[in-house]
Amino acid sequence: MNRSFLFEGQQGLLHGGDYNPDQWLDRPDILQEDVRLMKKAHVNTVSLGIFSWAVYEPVEGEYHFEWLQEIIDTLYQNGICTVLATPSGARPAWLDRKYEEVRRVNKYGVREHHGIRHNHCMSSRVFRQKVKEITEKLYEAVGTHPGVKLWHISNELGGECYCPLCAARFQEYLRKKFHNDIQELNKAWWNAFWSHNYSCFEEIEPPLEYGESSSMGLDLEWRRFTTWNMTDYLKSEIETIRGLGSTLPITTNFMELYEGLDYREMEKELDVISWDSYPRFHNDHESFETTMWNTAFHNTVMQSMKKDRPFMLMESAPGLVNWHVYNKLKRPYVHRLFSLQAVACGSDTVQYFQWRKGRGGYEQYHGAVVDHLGTDDTRTFREVAALGEDLEKLAEVAGSVPEAEAALILDWDTMWAVNDMMGLARETKKYAQTCMEWYRLMASMGLNVNIIPQTEELSEYKLVVAPMMYMLKPETAVRLKEYIQKGGQLLATYVTGYVDQNQLCYLGGFPGDGLKDVFGVISEEIDTFYPTDRNQVTLWDGSKAQVRDYAELLRVQEDVRILGQYDADFYQGMPAVTEHSYGAGTVCYVAARMESQANRRILELLVSRSGLDLPKLPEGVEYHVREAGGERYIFLLNLEEKEKQIDEINGTDLLTQKLCDGTVKLEPYGVMVVKVKQG
Amino acid sequence: MNRSFLFEGQQGLLHGGDYNPDQWLDRPDILQEDVRLMKKAHVNTVSLGIFSWAVYEPVEGEYHFEWLQEIIDTLYQNGICTVLATPSGARPAWLDRKYEEVRRVNKYGVREHHGIRHNHCMSSRVFRQKVKEITEKLYEAVGTHPGVKLWHISNELGGECYCPLCAARFQEYLRKKFHNDIQELNKAWWNAFWSHNYSCFEEIEPPLEYGESSSMGLDLEWRRFTTWNMTDYLKSEIETIRGLGSTLPITTNFMELYEGLDYREMEKELDVISWDSYPRFHNDHESFETTMWNTAFHNTVMQSMKKDRPFMLMESAPGLVNWHVYNKLKRPYVHRLFSLQAVACGSDTVQYFQWRKGRGGYEQYHGAVVDHLGTDDTRTFREVAALGEDLEKLAEVAGSVPEAEAALILDWDTMWAVNDMMGLARETKKYAQTCMEWYRLMASMGLNVNIIPQTEELSEYKLVVAPMMYMLKPETAVRLKEYIQKGGQLLATYVTGYVDQNQLCYLGGFPGDGLKDVFGVISEEIDTFYPTDRNQVTLWDGSKAQVRDYAELLRVQEDVRILGQYDADFYQGMPAVTEHSYGAGTVCYVAARMESQANRRILELLVSRSGLDLPKLPEGVEYHVREAGGERYIFLLNLEEKEKQIDEINGTDLLTQKLCDGTVKLEPYGVMVVKVKQG
Amino acid sequence: MNRSFLFEGQQGLLHGGDYNPDQWLDRPDILQEDVRLMKKAHVNTVSLGIFSWAVYEPVEGEYHFEWLQEIIDTLYQNGICTVLATPSGARPAWLDRKYEEVRRVNKYGVREHHGIRHNHCMSSRVFRQKVKEITEKLYEAVGTHPGVKLWHISNELGGECYCPLCAARFQEYLRKKFHNDIQELNKAWWNAFWSHNYSCFEEIEPPLEYGESSSMGLDLEWRRFTTWNMTDYLKSEIETIRGLGSTLPITTNFMELYEGLDYREMEKELDVISWDSYPRFHNDHESFETTMWNTAFHNTVMQSMKKDRPFMLMESAPGLVNWHVYNKLKRPYVHRLFSLQAVACGSDTVQYFQWRKGRGGYEQYHGAVVDHLGTDDTRTFREVAALGEDLEKLAEVAGSVPEAEAALILDWDTMWAVNDMMGLARETKKYAQTCMEWYRLMASMGLNVNIIPQTEELSEYKLVVAPMMYMLKPETAVRLKEYIQKGGQLLATYVTGYVDQNQLCYLGGFPGDGLKDVFGVISEEIDTFYPTDRNQVTLWDGSKAQVRDYAELLRVQEDVRILGQYDADFYQGMPAVTEHSYGAGTVCYVAARMESQANRRILELLVSRSGLDLPKLPEGVEYHVREAGGERYIFLLNLEEKEKQIDEINGTDLLTQKLCDGTVKLEPYGVMVVKVKQG
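Chains as they are written, first to last, in full-length UniProt numbering: chain Z, 1 to 679; chain R, 1 to 679; chain B, 1 to 679.
Same shape as in the complex, but just chain Z:
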């Protein structure tokens, strides 16, 4: 695979972040000092103008871009390039006052007042027009400046609106989806239940708080519509930019597994993926290691959207975050470990929110490279500068991408459907957490994993894990069947194949759509546990594993091998883990939510069958590989406070330029990036 860069002329990895000089226009001394400090911190990129609309256009039709031009010039002269944002992240007060429709109506049916940010009615023609106008002016002012390398559309798009404009668009969306046939919709939503049949599309309202809150079909299509409408808005911004003639790559910044939007629909419109990463480090509900693994998971979700191109870590906190419930200081080793993990997972950037702490506002205490103290000797500044040096040493990694031999299936609409379904237990469904748990088990074995939707081709993977694949889309069963038949290894779990894409239950046995024959099992019942309930499974090797939350009661075909069975309750002795050969492949079905150790044991069994040759890793070490143009870079991250030893590593550590010849030692919380010696 050839190297693929974020934009034309990219030199090495990018280091920088959001820069808001518009807050300091009356302090030229500070603006000047910023440039000195950026260079000292090895910063080569800033994001500009994300919330500058009210400075660009303080009253309607009056524009001010001189200051921006000057800033971009100065930075450019100092070797710092610009990611240029469209200013639609927040609306000026005059806009909200004059044009009511740009403000959202919330789920209580109340039109919001002016305030906060990220809360536009995405259906509003007025809003789109106003954004178009300011973007044209912005483009005119600085859009062709050589320092500008990339467009950053708006900011952290999200939320939903229940206004009449949105309701009307929702009806149009439904009309199209259901072929203008209200009976098709009634059937898909099972509306005969509770007398919910509509007689026409005009009767359908969004799921308002004091309205229809009992229709899973409505909820699901409302979420799909919200994604569709947001993507439509995103496209309108992109069209403006392209209409102006700009050919620069375009991104918008995502937020983890933000539940409100299926990012994979939006991704199709973008050139580059970027995201904002704000883990809660050192918290009181999980280990530091778990926080790190979950962050790796999110990095991988982003990387897997555009597999052939690095992504951007667009925002992260130097120091602490100010809007968590507890805003604890990041320990000294975290900044480096966290930043290089993103690079390990495929990021070509490490960027921050923000460069300098503002004196006031909602995020005045959000960590920044430059503190209110203002000096270049703070702990945070020193950590950032040191990381800048590291990134320079890793310059040649730029443009390479992770390799993956395994996949984990995760879908936004499956998540929506599972979370919304009435059944199981409200608090313990944990779809996303379950995916994270399986990702962690896979990755900690040294597997390089992609996180993909069920609609994606599987043939390139030796192993596929599909946790809680509650909803099956039209071709999914066929694709899985073919994958296994041809020798694939599949691991599936409880709560698989209950419903189709409309959330209608399959008749004739779960998993539906023919999968019961492929898996060799039918899930007849599922037991839901109170938090204090437990069961236990004995695995094939005699080991025991605790069960929590869920346990399915299976009927199994004769040719199924039982890998584990329940130890207690009225279903004692019934199968809890099964294995079924199908064609050249195997399906392993895990019917209960078990402890990690048991899940890991099952995974190891599948890996051993898959023919994969995994590195031997001690616990607490992250292992990622990026490659391009025949080069391979192994990233080793030590997530624990003790030294680790890893065997069979050969090449050169780019961070120290030391040769690795077999066994290497990893300092506590240390990182190595080994350019592999080609055999």
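Bear in mind the hints are in silico, worked out from the structure with no lab data behind them. The structure displayed is predicted, hence computed values, not measured ones. Keep in mind that a hint or two might mislead.
Put simply, identical chains are the same to the list, so a pair is met inside one copy or across any two.
[What the hints assert, rightly or not] Simulated crosslink set (DSS-like; lysine-lysine; CA at most 27 Å straight-line):
1) 642 <-> 616
2) 98 <-> 176
3) 675 <-> 462
4) 328 <-> 430
5) 187 <-> 137
Model the placement of chains R and B on the given structure of chain Z, informed by the hints.
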């Protein structure tokens, strides 16, 4: 007492449930299979049309009943009778869109949007008219079909509306109740406090969330009005049916001690009592035994409304429920135990929601006789079919009713008043739970208990327990006094007789209205405990009991016997349990919330005085008696996993046809129904 | 200092409370009995008419004051004086129905309905006019009666309104504050952040729930405005009274540290401070001793507003309160201890809500001197009567005021800013609790403390403690610097001097505005702890103290002495407590939230430097001194159940008339009031 049947021509006990064929009209194969499966499951009754309005009348004025006629025919031909519902449980979307007034206004003053169900404005003339029309059409179509045996009005009536129509009716209700004299109302509500005097009835609004939330009088009358208005609505449906000439019995399904409606007011309009029973089995906050006892309590509340006629268990879950917070599987023995408990307590039916799981909708995972799997060999199906066989063996029990020698007093408006009163502690008043606790103690001693309002005649009972009888109605004190005077045994507790029917405190000492002299005590103060607080009582026999939540400080008359006193705190040595002879009877006053063991000891004392001859029961055994026409049926239910032995049982076990001659053995979780050998 | 009385002709201490005869006008027997009981209870004062508007004016324009005249007459003839309230605490229903604007709009933008109390739109001209009219009528009726001694304005003023009238006044307030310059406001609120610049004042709305919730500047000025508007309203009532010619002193009753209003702004308009004290005694989250100390704290907050005049304990509960979450009985010793503590802290009154329990209404179970039982032999009545005797023995204390040699700095707007700031942890900021903790440490050492704003002169104090002084006002740094320079002892803590009066962060290091040089430290970072996190500090003497919640990482000047350092984590060994000499004084900086014992040790160090000569007190003894005209009264309160011995007490115990000659013994929960023997 003669046998009393639910409807003319009833044959044995009924077994069946809600059947929603309108969800499967495009699947004639499934409708055909339903009949086969019903017969296999020994089902002889279904409830039809509960939520069928939108299928009956998909657009205004266009009706479709052919399918219903066909279903009722087919069922009838197969020996299955129909409980026919009026379809007013949920409104079609077209109705809500066209006639705004049918939608409720919630307590925030916001008109609700279309959605969910059970949310009609009960004052709306339009709604009543529309229900009348559809009911007439329904009657015309199938109302005189011989398979139709009983009317089921609407479904689970409940909720409240704050719209202008309801507000106006509330004012009219108040005007009538207070003789068109606003000063009478002001005095009853003590409105001089906080300047709350109204100058006219037009000033009174319902207790809106952002309105008057500090008036106990308003709250109480609002609840009474809501019951009155709902009953008025219920009557309007009944009048329609009677106006059409139907003489079939009429019921509507209740929901436990649903706090929103005083069912005893509605009961007066009904021919048959029915209710929906959905306990949380195997939960994490009480033992299985407690769940069962509380379910017996609710069965008894229902039975006690119409003592001379069996009630109907109208809905219950085969398998699990899907809308609890944790939806755990019912263990194998539960279905039989739960169903036969209902029969033991006076039900002539065991009915389910629902027959077949729908593919979609809010309750797609609610347990049903036929699963999505669709086969007749699921655990649930087999349990249901076996229960059907049991019910056939108990056919002769039909029409008999429970006998009772003791009563427990519980009132809806006392519950409302206690819960609403400002005082004691918000979380620990537990009026209903306290009643359940006393019911359990009584019933587990083998007492057959009625649960009655304080307005009811007491002379037939040998023992009356009145827990937390906070509110005294006009004749209550007189009735209690007479009851005791003539030899009755009364047990009363803390928080008795504080207020009159308007919630005005009695002056001159609690319990008021003259009861202090009958009881021989005055409660001068009541201490409220934090959850971590404890006191202790030493009883007359030296035994100790922990005190939680509440402890009254009593003044006692000289002729009072002290049965227990406090062991700690500044009221150490003061009386906690007293006994007072009055006429030929006795009152026992329990001034503190004590552990069950102590309460049981006190009850035993009263029983020994009452001359009642109770069976000797081991712990964990439920004992109920039904009788009719000289026959007595003893129900024995084992609530524990170990075998139990019960002495002095003579007769024939109807379930096994085995003779019982003295001592019988009850299997773990087993049930016996012994037809008593007549002396 | 000369004696200063509440009103002209005050005789000794006042004892009494809210009296609501308007609830009993149809019971002359009860009104007559009231007078007998008041005399028996040694009551000499009542508050009248607080919620009588609907009785005074039952329909608009129709007035009834005869009953009030009669009551005041009768009381006066029996030696009982009257505190006369304006009736604006609650509005009659007719007023709300006719004049919509008098009802508030809540933060959801919804106009409230009639109900409750204390919920007027303070901007409404109609409301002010109506209050003026009824006050004029009231004055006319009884305003010059010799029995009336003091005006009581409205009741427990509080809350806020978001209506258009208030929004417009808010804009006017801002326009004036920011010199009609919207850019000045934008800069003060750092509005360039998130594009929040306003283009004109008309764009500014109150912080509505569905509006601007991310602007600290808006929040702070909204709170300041709410205080300003409430004070303006208060002035309007005062003007009415003064306009009528009355020269009686005027008060309004405060509620602890009620967060909604900066009482120190309102205080300026009043002649006398009064407040309502309702501690949660014997609760489950703190010791009885802590509850008492916190109550002393609140008494001291009140006393410190007008240091040269006693305050009034306007309301307290005889017996229990009915609106706490758990309404536990006050133990027998509490009434005396609590009441005499108020006197010890500077109150010249002990007054209750209320004299007699009403039969109904929201507070029918609120403790009162006369119970529903109605007799004079209840525990509560006896305690009240005994306290009345005590107060008569303390008559000569009247008019004296506490002396103070130390101060604790607490500010309302600092509290608002700390609570609103985004940073640290949402649940553990605890500004007020931290102030209480330091007050307790100071007071329990025998220090007499004033609780003052940072704007107040410090020179009279030997020791000043300023906990969490997050916000610095314009002259504060200068004042502190001067205080220390001249020999003052200052103790400051973590979270000091982060922001200016607009909440803009100081640049160049915290504590800002020059204090870093005075203190010798800069706080570079602050670590926020999860509730399960701990660190430890070792103090200069080797003692250890646990750290919770917060720990600052300091840079210290060379001349700073390290009094304690951290024992763990990455900042192990860094300074946690420092001391810096500046001029003739010293600043001690406590950088972490430590256990009480450590804080006490540090305080002792400062006291030893201050030259103060403190009494030697055993633990659990409260010590207060009041003085006037050369007399000193030492109050000793024993907060524990065991006898205490205190040395060096000379004088006469006014309660027993016993001579104290050196060592005295204090009974469990006992009180002594020693009139000091002059040299």
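- request: Evaluate residue 675 and residue 462 at a C-alpha cut-off of 27 Å and name the case that applies: within, between, both or neither.
  value: Within one copy only: 25 Å inside, 68 Å across.
field: Copy assignment of residue 98 with residue 176, given that the CA separation must stay at most 27 Å
entry: between (33 Å within a copy, 25 Å between copies)
- request: Can you give me the call for residue 328 and residue 430, within, between, both or neither, at a CA distance of at most 27 Å?
  value: Both, since 26 Å and 17 Å are each at most 27 Å.
query: Is it within, between, both, or neither for residue 187 and residue 137, if the alpha carbons may be no more than 27 Å apart?
result: between (49 Å within a copy, 25 Å between copies)
message: Checking an output row: residue 642 and residue 616, CA cutoff 27 Å. Within, between, both or neither?
response: Intra 18 Å, inter 53 Å, cutoff 27 Å: intra-copy only.
Checked against the numbered hints given earlier, the structure satisfies every one of them.
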